[in-house]
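Novice: Spelled out, the chains give:
Protein chains: 2
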Amino acid sequence: MAKAYALGLDFGTNSARALIVDPANGREVATAVANYPSGRAGIILDPKDPNLARQKPDDWLAAMTKCTQAALKLAARVKGFKPQQIVGIGVDTTASTPLPVDRQGGPLCRQKRFARNASALAWLWKDHTSFAEAAEITEAARKKHPEYLAKCGGTYSSEWFWSKALRCIRAAPEVMAAAAAWVEQSDFIPAVLTGNSDPKTWKRNICAAGHKAMYHAKWTLPDAEFLAAIDPRLGEVRRNKTYERAWASDQKAGDLCPAWAGKLALRAGTPVAVGAIDAHLGAVGAGVRPGSLAKILGTSSCDMMIHPNTQSLADIPGLCGIVDGSIVPGYFGLEAGQSAVGDIFNWFVNSFDRGDKAHVTLAAEAARFKPGQSGLLALDWNNGNRCLLVDPRLTGLLIGQTLHTTRAEVYRALIEGSAMGARIIMERLEEYGVPVREVITCGGIAEKSPLVMQIYADVTGRPMKLSRSAQTCAMGAAIYGAVVAGARAGGYDSVEAAQAKMTGLKPKTYQPDPGRHQVYNALFKLYRQLHDAFGTTGYRESLHNVMKDLLALRDQVRGIGK
Amino acid sequence: MAKAYALGLDFGTNSARALIVDPANGREVATAVANYPSGRAGIILDPKDPNLARQKPDDWLAAMTKCTQAALKLAARVKGFKPQQIVGIGVDTTASTPLPVDRQGGPLCRQKRFARNASALAWLWKDHTSFAEAAEITEAARKKHPEYLAKCGGTYSSEWFWSKALRCIRAAPEVMAAAAAWVEQSDFIPAVLTGNSDPKTWKRNICAAGHKAMYHAKWTLPDAEFLAAIDPRLGEVRRNKTYERAWASDQKAGDLCPAWAGKLALRAGTPVAVGAIDAHLGAVGAGVRPGSLAKILGTSSCDMMIHPNTQSLADIPGLCGIVDGSIVPGYFGLEAGQSAVGDIFNWFVNSFDRGDKAHVTLAAEAARFKPGQSGLLALDWNNGNRCLLVDPRLTGLLIGQTLHTTRAEVYRALIEGSAMGARIIMERLEEYGVPVREVITCGGIAEKSPLVMQIYADVTGRPMKLSRSAQTCAMGAAIYGAVVAGARAGGYDSVEAAQAKMTGLKPKTYQPDPGRHQVYNALFKLYRQLHDAFGTTGYRESLHNVMKDLLALRDQVRGIGK
Numbered sequence: 036m037a038k039a040y041a042l043g044l045d046f047g048t049n050s051a052r053a054l055i056v057d058p059a060n061g062r063e064v065a066t067a068v069a070n071y072p073s074g075r076a077g078i079i080l081d082p083k084d085p086n087l088a089r090q091k092p093d094d095w096l097a098a099m100t101k102c103t104q105a106a107l108k109l110a111a112r113v114k115g116f117k118p119q120q121i122v123g124i125g126v127d128t129t130a131s132t133p134l135p136v137d138r139q140g141g142p143l144c145r146q147k148r149f150a151r152n153a154s155a156l157a158w159l160w161k162d163h164t165s166f167a168e169a170a171e172i173t174e175a176a177r178k179k180h181p182e183y184l185a186k187c188g189g190t191y192s193s194e195w196f197w198s199k200a201l202r203c204i205r206a207a208p209e210v211m212a213a214a215a216a217w218v219e220q221s222d223f224i225p226a227v228l229t230g231n232s233d234p235k236t237w238k239r240n241i242c243a244a245g246h247k248a249m250y251h252a253k254w255t256l257p258d259a260e261f262l263a264a265i266d267p268r269l270g271e272v273r274r275n276k277t278y279e280r281a282w283a284s285d286q287k288a289g290d291l292c293p294a295w296a297g298k299l300a301l302r303a304g305t306p307v308a309v310g311a312i313d314a315h316l317g318a319v320g321a322g323v324r325p326g327s328l329a330k331i332l333g334t335s336s337c338d339m340m341i342h343p344n345t346q347s348l349a350d351i352p353g354l355c356g357i358v359d360g361s362i363v364p365g366y367f368g369l370e371a372g373q374s375a376v377g378d379i380f381n382w383f384v385n386s387f388d389r390g391d392k393a394h395v396t397l398a399a400e401a402a403r404f405k406p407g408q409s410g411l412l413a414l415d416w417n418n419g420n421r422c423l424l425v426d427p428r429l430t431g432l433l434i435g436q437t438l439h440t441t442r443a444e445v446y447r448a449l450i451e452g453s454a455m456g457a458r459i460i461m462e463r464l465e466e467y468g469v470p471v472r473e474v475i476t477c478g479g480i481a482e483k484s485p486l487v488m489q490i491y492a493d494v495t496g497r498p499m500k501l502s503r504s505a506q507t508c509a510m511g512a513a514i515y516g517a518v519v520a521g522a523r524a525g526g527y528d529s530v531e532a533a534q535a536k537m538t539g540l541k542p543k544t545y546q547p548d549p550g551r552h553q554v555y556n557a558l559f560k561l562y563r564q565l566h567d568a569f570g571t572t573g574y575r576e577s578l579h580n581v582m583k584d585l586l587a588l589r590d591q592v593r594g595i596g597k
Numbered sequence: 036m037a038k039a040y041a042l043g044l045d046f047g048t049n050s051a052r053a054l055i056v057d058p059a060n061g062r063e064v065a066t067a068v069a070n071y072p073s074g075r076a077g078i079i080l081d082p083k084d085p086n087l088a089r090q091k092p093d094d095w096l097a098a099m100t101k102c103t104q105a106a107l108k109l110a111a112r113v114k115g116f117k118p119q120q121i122v123g124i125g126v127d128t129t130a131s132t133p134l135p136v137d138r139q140g141g142p143l144c145r146q147k148r149f150a151r152n153a154s155a156l157a158w159l160w161k162d163h164t165s166f167a168e169a170a171e172i173t174e175a176a177r178k179k180h181p182e183y184l185a186k187c188g189g190t191y192s193s194e195w196f197w198s199k200a201l202r203c204i205r206a207a208p209e210v211m212a213a214a215a216a217w218v219e220q221s222d223f224i225p226a227v228l229t230g231n232s233d234p235k236t237w238k239r240n241i242c243a244a245g246h247k248a249m250y251h252a253k254w255t256l257p258d259a260e261f262l263a264a265i266d267p268r269l270g271e272v273r274r275n276k277t278y279e280r281a282w283a284s285d286q287k288a289g290d291l292c293p294a295w296a297g298k299l300a301l302r303a304g305t306p307v308a309v310g311a312i313d314a315h316l317g318a319v320g321a322g323v324r325p326g327s328l329a330k331i332l333g334t335s336s337c338d339m340m341i342h343p344n345t346q347s348l349a350d351i352p353g354l355c356g357i358v359d360g361s362i363v364p365g366y367f368g369l370e371a372g373q374s375a376v377g378d379i380f381n382w383f384v385n386s387f388d389r390g391d392k393a394h395v396t397l398a399a400e401a402a403r404f405k406p407g408q409s410g411l412l413a414l415d416w417n418n419g420n421r422c423l424l425v426d427p428r429l430t431g432l433l434i435g436q437t438l439h440t441t442r443a444e445v446y447r448a449l450i451e452g453s454a455m456g457a458r459i460i461m462e463r464l465e466e467y468g469v470p471v472r473e474v475i476t477c478g479g480i481a482e483k484s485p486l487v488m489q490i491y492a493d494v495t496g497r498p499m500k501l502s503r504s505a506q507t508c509a510m511g512a513a514i515y516g517a518v519v520a521g522a523r524a525g526g527y528d529s530v531e532a533a534q535a536k537m538t539g540l541k542p543k544t545y546q547p548d549p550g551r552h553q554v555y556n557a558l559f560k561l562y563r564q565l566h567d568a569f570g571t572t573g574y575r576e577s578l579h580n581v582m583k584d585l586l587a588l589r590d591q592v593r594g595i596g597k
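One line per chain: the protein sequences are B and L, in this order. Taking this note's numbering, the leading residue of the first sequence gets 36, the next gets one more, and so forth. Taking this note's numbering, the leading residue of the second sequence gets 36, the next gets one more, and so forth.
By construction, these hints were calculated from the structure, which means they are not laboratory data. Nothing false has been slipped in among the hints.
Because identical chains share one entry, a pair is satisfied inside a single copy or across any pair of copies.
Here are the simulated SDA-like cross-link-like pairs (lysine to any residue), alpha carbons at most 25 angstroms apart as the crow flies: (1) K161 with D590; (2) K38 with A59; (3) K583 with P427; (4) K536 with Q120; (5) K161 with R593; (6) K253 with N344.
Model the full structure from these sequences, guided by the hints.
Specialist: Structure representation (structure tokens):
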């Protein structure tokens, strides 16, 4: 059989990445990144509205062309490599990042009449202009269709598909009226690559549909009447601009069209997989399997698991989503995560420390402290709480400061708080029958922050394994590229088979220290008290113990009064 | 009548100050400071025990000599001034700072056999080695004599007289056995100046006795049997090394002895007042009168009031002390305060900012924020809570951080938290029938921090007046010097008469802004929730509102969502 390669195309918030992988062993043959050219780091902002964040779809295409060409150029150095050996393409993007398109599938923002209309752009995942609409949809669903919310954490987010559609209807009715379809970026890119100019026939992906648009096999998208009761025009979007069925990424969206084959210098007819959300394919690229929690640790965290869809699975309160087939076909995809991880550490260093090397300096100092020694405890909610409280209007908390508290102690407390937030999620999963037998981490923090990783291991009492690939999202996309290519073409016939060869672990694992874990168990009990007191409505216990217990633990760890 | 002057001698933690005042108008003719020569800034420390803080009594005498001579030298520039015109001397010191003395009143540490024994030194107010003994005394008093604690906040402190005596008995029984008396610094200094070599006859001051040793006119010092039940040797101290009666500072301790008259170049026979605690005389020097709260704002705060002893006064839970005659004879002296004020701001700047000018820079930036704008709220307990919770084992808390929170916002939140702690005390006083009709501030922060003063005014809704004198403790001592001199010698026959002429206000008053005060009322409600939840045992309400209310207030102040 001829040598084969798979291409993963990963569309992030600020840039696109192309990764060429050898499916036989997961070797990363070449990779390249290209930034989106417009706006501020690829994001169109509005100085008057801090909630607004949009993108130009053509930026995605320009960056895709550039990074694919660059990756191919790098791959050309590999002996015998030819672009024609790429047998399958997978795609992941941010979500929910929907955009309005015309009858031919072209972004509306390309039309001259909408050139200055921000509503005709793509609505980036982090656009929060629809916060009021999200609350409206949540309230309506709670009353009439609680089952819609049960699979997505109990609260419909302003980051998601319907909130943005409703906001677009209200902010720019002429835009939505002119749209033939309202589509996710993860559906738009495969449609472009396959040259499909009829959005009615685009294969929408189950990942974004299930996690962001309340799609479920039982009822497909939410009921048109339900949506029409919120706003008649939203019912109309449901009826005429969306879809009735969603697909998993082991399905082909189509074949690479001659036009894009020419632009990218690839073989026309190469199969292109149905798209998916970046984090979900990141889990695939990290080697997620039943019992393993794939943890993408960057500015925020995404915690992904899969669970056989042949087994029953309860609704798990507080999870971002449970969607059949969203990560690996045949499995429920479970999504959880923390709204801010690295963002909190960066905030602290940028606001309360000096210079670029501060992470390194602070980490070196913070590493010398024993757990409990500072008497500090932090809630990691500076950017709200995504799981399990699903509440963007929560904030940070730091407790236990004395006149001797140092910057490095606070830095460490913030890391510990983050690890405790991670532990809360793990315990919730296990409580609802999803055992966490291993944790595989990836992302910037997993690669670069030994202190954070060790504290995560010590707080959770679990080894922190590291994904072999440092770009798991693109790797996951490449895996789906290999799957749609199929075994006969040098790919695979199942995701599991592809993962078995294409994913792996780094030799380094962060092992929990039993002594430190024991102290963290005591701290975690206090963390949970604060978590429940400030994050839930039902907590009615005294908090008078918290400061005292922290001091007692501190004195015990320091050996004071012995 | 010949021109007369009064001398105030103020013994602080690190230095002594002499202040020569014209009693006719309060004019500060000359002042000088001398540092204590030994240890670290005058404090003998133990690298092995961070709780230990002692002083050498001879340091006090050396510094007193030096600063008095320096002040006299400066005063000599005033036309017609002669040292013989000083008609009365008043003394204030830190407290509780007790020391063991021999039969002739000499400090035991002067004896060769105790030269290396830290227990023979003076036990500085901030020595906390007796924390276990304090708890023991508190427990015993709660069971057998709750009335002992009712006048001093409900908890006997490790900073105080009996805790330190008990600790001395246990740590160095040979020292206490050798002591003829266990005396406060504020009794020791006047005894030295008056050349009284029989400690049995020293006039002990009501201020330290009442506020630090549970002395009360009804029962004098605590019962010997009660103390003996804690430790028989403590009963023995009570019986043989203390006193049966305490005196107010309008009484003469005696007349300046020839030896010290010679050393200080003053007239022998000059009357020396009974001593008192620095903060209490600070209130006198600030012009305290019924209805006025004298607030000394420095590293910590002391809040002092007086209340006619002809009127009934309830025990006020959480106050540091209520002692008849401790500030002005004929009035109950009420003492409250916060364990850390400037200390918290300094801690923040030193730990989280850069360089010496940071207070100025941060204050300038923080002054631009509107109340509520940051969404932050802080508890000011980094050094525990002295009033009203009387709990050294409480710690700081900061709530409301986002990824956008700045250093200046936190700085302002710490100031606001401090002001709310001040407001809690004022409201408690009023609740128990002591109206606060004016607030007169003094101390380093009152002099130097307009931002802090304005926030205090806005949070409490009360004008913050400024004492005319910048050294109110020494001024209070000088006032008592004038009082023991008497009107016939150019002084006064009552404290009130002396205060009327010798104290006053600066022209500047910080007026509360009604709009800002209104926002702070909303914040104060949340502060009180946190205060009660973490500081008391009885709080059982939900705290789920706190972060949300802070954000709602923030958005309202910022005009978001309007």
